[in-house]
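Enquirer: Sequence:
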Amino acid sequence: MLTEKCLGFFCSGLCLWASLFLSFFKVSQQGESQRRLYRDLLRNYNRLERPVMNDSQPIVVELQLSLLQIIDVDEKNQVLITNAWLQMYWVDIYLSWDQYEYPGVQNLRFPADQIWVPDILLYNSADERFDATFHTNVLVNYSGSCQYIPPGILKSTCYIDVRWFPFDVQKCDLKFGSWTHSGWLIDLQMLEADISNYISNGEWDLVGVPGKRNELYYECCKEPYPDVTYTITMRRRTLYYGLNLLIPCVLISGLALLVFLLPADSGEKISLGITVLLSLTVFMLLVAEIMPATSDSVPLIAQYFASIMVIVGLSVVVTVLVLQFHHHDPQAGKMPRWVSRFCSKYSTMLLPINLKCQLWTVCFTLLSLLLERENKHTKFGLLLETASVVWVSYLNLKQG
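Just so it is clear: in the sequence shown, position 385 is 385 by the working numbering, and no numbers are missing.
Read the hints as simulated data drawn from the structure, not as lab findings. For glycine and all other residues, C-beta sits at the position ideal for the given N, C-alpha and C. Do not take every clue at face value.
[Said to hold, decoys possible] Derived SDA-like pairs (lysine to any residue); straight-line CA-CA distance at most 25 Å: (1) K212 with L246; (2) K175 with S196; (3) K175 with D205; (4) K175 with Y123; (5) K212 with F130; (6) K171 with A293.
[To be verified] What follows is a list of derived Cβ distance ranges for each label pair: (7) S196 with Y45: 32 to 38 Å; (8) I290 with S96: 25 to 31 Å; (9) P263 with Q69: 54 to 60 Å; (10) A293 with L261: 36 to 42 Å; (11) Y217 with Y240: 43 to 49 Å; (12) Y100 with V52: 23 to 29 Å; (13) D113 with Q34: 30 to 36 Å; (14) D113 with L246: 52 to 58 Å; (15) P224 with L246: 47 to 53 Å; (16) S96 with G208: 20 to 26 Å; (17) Y218 with A293: 50 to 56 Å.
Can you build the whole structure from these sequences, using the hints too?
Expert: Right, here's the structure in full:
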């Protein structure tokens, strides 16, 4: 019995040592195969040479954008800042090997500066370095398939149309293409954008990221220059601006109507109007700080603020006139001559009276002006003006 237990322990230990030895031998063999494979692949490799069998054939490069986050939309400088990955796929015929000749080696990783990598850049970059991607290793499969995924914080130019702010929808393009290769050398193909790992933004809702492949022809050259353009479509969230900008502005604008409800004896009529005007000015400055200094399109909210400020300013002017008439001393002087002439000659033209009364008013007015031009505006002229007012009033009452 004891012998059988000892034999069992011995067999278990032998199997354990054998498995450890085989795993160590396999790892060491794989490490030796990797070193030999790196040495063999890079022995006669030229990173400046396109990896194609025939130089007249283009190499196919597939491009995909993986959008992770919309970091910021700078309306004032018209710049879009995003966190994204660029995924590029191509086949390098010089980096393929036989799995049986190099056992255990399925793929290799090469630095981007040691093998051929397509010079794909963001055309509308606004970064000071222009290329803001981080150059990672290139993952190469035994069949020669290369996968290059450089991450980066992309700063791109974007035209911001603020006409419908804060209910606007913006579309910003990310245009990628080869910087030095034409379509005859690199056949750039587009893959649909990946937004599966997208992190939502507090100010913008992502609507979609459609892509399109374009080919441009320049006057200097016959060959086409392909590019892949991804359009980031986003809608602004209006809750923040509605609570902090729109609702206070509407309430402050409604206070301008209360100026006419205050009695003339109250000394707060002018103060209330000026306070409302200053409050609207503050909100106007807040909008001006957010919006870009462009004359292409004026935001509707800025037009609304400007219109309300004009109306409130006119209400202050009317309030000043009302207070002036209210506090006017009747014994201080007679009514000005232009006021009397306006009331006697032109005020009836503004009243809703019939055509016959208006014709009589026009006749008396022309006759009075003729006498005044001939320097005959004597007592007869004054009597004529008084008679015209009385006659028009009589006709108006008779018509009513």
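Enquirer: Confirm or reject each hint.
Expert: Going through the hints against the structure:
1. K212 with L246: It is violated: about 38 Å lies between the C-alpha atoms, which goes past 25 Å.
2. K175 with S196: holds (21 Å)
3. K175 with D205: Holds. K175 to D205 sits at ~21 Å (cutoff 25 Å).
4. K175 with Y123: holds (5 Å)
5. K212 with F130: holds (22 Å)
6. K171 with A293: Holds, at roughly 19 Å.
7. S196 with Y45: 32 to 38 Å: Check passed, 35 Å falls within 32 to 38 Å.
8. I290 with S96: 25 to 31 Å: For S96 against I290, whose Cβ atoms are near 55 Å apart, the range 25 to 31 Å is violated.
9. P263 with Q69: 54 to 60 Å: holds (59 Å)
10. A293 with L261: 36 to 42 Å: holds (40 Å)
11. Y217 with Y240: 43 to 49 Å: For Y217 and Y240 the Cβ distance comes to about 46 Å; the hint holds.
12. Y100 with V52: 23 to 29 Å: holds (26 Å)
13. D113 with Q34: 30 to 36 Å: Roughly 20 Å apart at Cβ, these two residues miss the hinted range, so it is violated.
14. D113 with L246: 52 to 58 Å: Between D113 and L246, where Cβ atoms are some 53 Å apart, the hint holds.
15. P224 with L246: 47 to 53 Å: holds (49 Å)
16. S96 with G208: 20 to 26 Å: Violated: the Cβ-Cβ distance is about 38 Å, outside 20 to 26 Å.
17. Y218 with A293: 50 to 56 Å: 33 Å Cβ-Cβ, so the 50 to 56 Å window is violated.
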